[in-house]
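Undergrad: These protein sequences, in sequence, are chains A and B. Numbering-wise (the working numbering), the first sequence opens with residue 1 and increments by one. Numbering-wise (the working numbering), the second sequence opens with residue 247 and increments by one.
Please keep in mind that the hints were generated in silico from the structure rather than gathered at the bench. Hints are not guaranteed to be accurate.
Derived lysine-lysine pairs resembling PhoX-like cross-links, with alpha carbons at most 20 Å apart [to be verified]:
1) A:K53 x A:K77
2) A:K123 x B:K619
3) A:K127 x A:K195
4) A:K66 x A:K77
5) A:K215 x A:K195
6) A:K107 x B:K619
7) A:K77 x A:K123
8) A:K119 x A:K107
9) A:K72 x A:K53
10) A:K119 x B:K488
11) A:K107 x B:K488
12) B:K488 x A:K123
13) A:K127 x B:K619
14) A:K123 x A:K107
15) A:K107 x A:K127
If you anchor each label on the Cβ, the simulated ranges turn out as follows [what the hints assert, rightly or not]:
16) B:G623 x A:N213: 46 to 56 Å
17) A:T13 x B:S373: 56 to 66 Å
18) A:H150 x B:V271: 47 to 57 Å
19) A:N69 x B:L402: 26 to 36 Å
20) A:E65 x B:L402: 34 to 44 Å
21) A:H150 x B:A588: 39 to 49 Å
22) B:V573 x A:T13: 52 to 62 Å
The beta carbon of each residue, even a glycine, is placed where N, CA and C say it ideally should be.
Here's the letter readout for the chains.
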Amino acid sequence: MSTLLEVSGVSVTFDGFRAINNLSFQIGEAELRAIIGPNGAGKTTFMDIVTGKTRPDEGRVIWGEKSVNLLKMNEAKIAQAGIGRKFQRPTVFEDQSVYDNLLMAVKNARGPLPVLFYKPTFKDRGKVEELASEIGLADELSRKSGELSHGQKQWLEIGMLLAQEPRLLLVDEPAAGMTLAEREHTTDLLVEAAKTRAVVVVEHDMEFVRRLNCKVTVLHEGSVLAEGSLDHVTANQQVIDVYLGR
Amino acid sequence: MKNSFIARNPSILIFLACLAVFTLVITLMSHAYGTGGISTSFVKTLGRTLCLCLVAIAMDLVWGYCGILSLGHFAFFGLGGYMVGMWLMYARTEIIVIESLANSPIPPTAQEVQDAIGTQIFGVVGSSEFPLIWSFAHSLTLQLLLVVLIPGVLALVFGWLAFRSRVTGVYLSILTQAMTLALSLYLFQNESGLRGNNGLSGLQNLPGVTAGQDAISVWFLWASALALGLGYLLAAWVVSGKFGSVVRGIRDDEARVRFLGYSVETYKLFIFTLTAIIAAVAGALYYPQAGIINPGEIAPIASIYLAVWVAIGGRGRLYGAVIGAAVVSLVSTWFTGGMVPALNLGFYRIDWVDWWLVLLGLSFVLVTLFAPKGIGGLFDLVGARMAPNRHGADYGPGKGSLREKEGQE
């Protein structure tokens, strides 16, 4: 399995607080990975670094078979290169319809001029409808996304991510605030997505991680504490001490 | 394609129809082409108001749709006016100078004519040399190009510096205020080459045109109405479709747009520059109708008024901006013109010329607090009565009740 994203020796300090400490992490093509860890372990900061929001003090972030250095690129360029990100709270454009939200995300030229003269093609419209039925919002296309329920917004955001056709999906606590049925749907969406691309899920909820049934990376104080199957890491004494034992 | 764009935005047709009817009615009541029911000076006021509506559309694009509270767009408006004013002043002075020198025994050389024009224009600031920035003033075509180029390039450079550094929110507003203040202070200096605090005057006279002001005022009304109509169409087209989605996305959640792969800075720069150019065109049509432009016109307060108009009219909808600008500026003309009878409270006499600003400020606060949609929001009341948004709910609890979609048709 070839490596899609390689983070090596990355450190970042905020006002003297070391949020990420010599972190190294790899993920291959079409792999599903869960990242767990206590509050302040650096999970969100890790995502910020990969997506270009935060610049690390040292280390390397290498992407794809051409080994591009992501640290030299801005957020928009990184997104165009194929990294999609879902935030912790659902962030969709609430003033706009579900259709507009999805259409904005569909992979196309992103410059102002192509967008200004853009006409929705038959293919793009088909794609939006296909995605909408996949995330269970086929009947809500004309509604403003602000009217959707919390769970539906989360799915819409996942749908927008899929529309971007990213090669790597970073998902921050997708199950937060969801009902049990909604969680199951979310799990299905993520497992399905991971068949064709790499998916990294940051999650607090052990039950949710167990249902994902994938390799788990445990972060603690900004570096990797343990890595392996969920049963393997939960048997690790260090992990029990810092995280599970509390 | 065109049809579907208009069909999707019926408000455009309504707006253009209203504008056409308005222009026609004013024309038929003017001194030059109609009954003479409306004075020439009021025709000019209405023509100027149309220009203010156009700059309000620009403000609505940049603030209401893209979320950039620029408090400097009147600088671009003023620059547009200066650019066209330079040609008007030069060409008119040239005609006067040639006429007066025609009586001299020896025909004047080109240099003598040039010097005489310089003395005429710059005598008031104690100079007779043409500054470098007047190099193109002899050519209408070049000066009209500069109307677009100078404000466009200024907006491009300023916007590039500001957006690249990710300056947003109130800091950006302060920065734009600083820009317009700096420009205004610079123009106040005689050395700026634009006649300092005297500004450019006599702009109401079109060189080489023998028609009187009553006809010219109507021509400018037509030109302003045309510019407003085209500007409205352009703005409506820009904010429709995917570009509009992205721009409104930037207003609501900039970071999310960035992670979708759109370069937020480029989009902001595009909108900022486009609106600067629209503002400049509006200014270029406004100042010939005002007759005079001086640096006081681009004082920071002017750009703040612009934001007030758009807020009172209702930001985020183009007709709201137009209504806000028209209503507030016309009411302002009415109050400050001394035509409103003073209110005698017995212990105090409210003189509206002094109290108008207080009234405007109060209504701004009230609109912001109690009617954030502004005057334009009133149209929602009419719209809602025709097609209530029931969030997908049926019209009643019974099985046979009207469904939402049925209610709309």
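Undergrad: With reference to the structure, classify each hint as holding or not holding.
TA: Evaluated hints:
no.: 1; hint: A:K53 x A:K77; in the structure: holds, 12 Å
no.: 2; hint: A:K123 x B:K619; in the structure: violated, 37 Å
no.: 3; hint: A:K127 x A:K195; in the structure: holds, 19 Å
no.: 4; hint: A:K66 x A:K77; in the structure: holds, 15 Å
no.: 5; hint: A:K215 x A:K195; in the structure: holds, 14 Å
no.: 6; hint: A:K107 x B:K619; in the structure: violated, 34 Å
no.: 7; hint: A:K77 x A:K123; in the structure: violated, 24 Å
no.: 8; hint: A:K119 x A:K107; in the structure: holds, 14 Å
no.: 9; hint: A:K72 x A:K53; in the structure: holds, 12 Å
no.: 10; hint: A:K119 x B:K488; in the structure: holds, 8 Å
no.: 11; hint: A:K107 x B:K488; in the structure: holds, 13 Å
no.: 12; hint: B:K488 x A:K123; in the structure: holds, 16 Å
no.: 13; hint: A:K127 x B:K619; in the structure: violated, 35 Å
no.: 14; hint: A:K123 x A:K107; in the structure: holds, 11 Å
no.: 15; hint: A:K107 x A:K127; in the structure: holds, 10 Å
no.: 16; hint: B:G623 x A:N213: 46 to 56 Å; in the structure: holds, 52 Å
no.: 17; hint: A:T13 x B:S373: 56 to 66 Å; in the structure: holds, 59 Å
no.: 18; hint: A:H150 x B:V271: 47 to 57 Å; in the structure: holds, 53 Å
no.: 19; hint: A:N69 x B:L402: 26 to 36 Å; in the structure: holds, 30 Å
no.: 20; hint: A:E65 x B:L402: 34 to 44 Å; in the structure: holds, 38 Å
no.: 21; hint: A:H150 x B:A588: 39 to 49 Å; in the structure: violated, 57 Å
no.: 22; hint: B:V573 x A:T13: 52 to 62 Å; in the structure: holds, 55 Å
Of the numbered hints stated above, those contradicted by the structure are hints 2, 6, 7, 13 and 21, listed in ascending order.
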